[in-house]
Amino acid sequence: DIQMTQSPASLSASLGETVTIECRASEDIYNGLAWYQQKPGKSPQLLIYNANSLHTGVPSRFSGSGSGTQYSLKINSLQSEDVASYFCQQYYDYPDTFGAGTKLELK
Amino acid sequence: QIQLVQSGPELKKPGESVKISCKASGYTFTNYGMYWVKQAPGQGLQYMGWINTETGKPTYADDFKGRFVFFLETSASTAYLQINNLKNEDMATYFCARRDWYFDFWGPGTMVTVSS
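For the record, the sequence lines run as chains F and S. Under our numbering, the residue at position 48 of the first sequence is numbered 183, and the numbers go up by one with no gaps. Under our numbering, the residue at position 87 of the second sequence is numbered 90, and the numbers go up by one with no gaps.
Chain F on its own, in the form it takes in the complex (with noise of 0.2 Å):
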């Protein structure tokens, strides 16, 4: 199975500011990669696929970038809205696997 090395575990960032979040894959994924986001008691929203489309209604201020093994989620201008955990899944090989996930906070 591919791994995937999620960073970091946890975070805490201020209002405003840019926060990034990185996956690192056991092995190339062709771009299969997706981000989600899940609030406590809550399932997993999509946010980006295919390592950087945006889902339709997720706020601009997401974005992905990488390739190959290297992934990244970068939210721009963090609201309070956006306090939550963020997981990575790689799709490009079954099974799909997940990182370990980054609980974001508010410093």
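What the hints contain is simulated information worked out from the structure, not anything from laboratory work. The beta carbon of each residue, even a glycine, is placed where N, CA and C say it ideally should be. Do not rely on the hints blindly, as some may be mistaken.
[Unchecked claim] Which residues of chain F face chain S? A partial, calculated answer using Cβ under 10 Å:
1. LEU168
2. LYS177
3. LEU181
4. TYR184
5. ASN185
6. TYR227
7. PRO230
8. ASP231
Using the hints, position chain S against chain F.
This is chain S only, laid out in the frame that chain F set:
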């Protein structure tokens, strides 16, 4: 609008079975596979497998072969997850999700508590 509605929380004893439902609406049920994802308390997401909603054929990830069963009631646009012989480590929230290549719609999750 597209919705996946799951059954409510369950409290079970070790060794019992549990059946979780996931009713889809707002799209053609048989056009997308239905997937299941486990999230243990305070933990990340774990892919369990999926069921082909056209053929009813289930595919299980390695960690979920044996006690886990995926099945359908296609006429009701509903997918089911059954867990037999429950163990403490099955205590988790279970999500159903529609997948294109990525999971674009998720159910709200069903929490299963296993306690003697």
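Restraint outcome when F/LEU181 is required to lie within 10 Å of chain S by C-beta distance = 5 Å, holds
Closest C-beta approach of F/ASN185 to chain S relative to 10 Å, hint status = 8 Å, holds
Should the hint that F/TYR184 touches chain S count as held when the rule is a Cβ pair under 10 Å?
-> With a closest approach of 4 Å, the F/TYR184 hint holds.
Restraint check, 10 Å cut-off on beta carbons, for F/PRO230 near chain S = Holds, because the Cβ-Cβ distance from F/PRO230 to chain S comes to roughly 5 Å (cut-off 10 Å).
When the least beta-carbon distance from F/ASP231 to chain S is tested against 10 Å, hint result = Where the cut-off is 10 Å and the nearest Cβ of chain S is about 5 Å from F/ASP231, the hint holds.
Mind checking the CB of F/LEU168 against every CB in chain S and telling me if the closest is under 10 Å?
-> Where the cut-off is 10 Å and the nearest Cβ of chain S is about 8 Å from F/LEU168, the hint holds.
Per-residue hint verdict: F/TYR227, partner chain S, C-beta under 10 Å = Holds - the Cβ of F/TYR227 comes within 10 Å of chain S, reaching about 9 Å at its closest.
With a cut-off of 10 Å, does the beta carbon of F/LYS177 approach a beta carbon of chain S closely enough for the hint to hold?
-> 7 Å, holds
Checked against the numbered hints given earlier, the structure satisfies every one of them.
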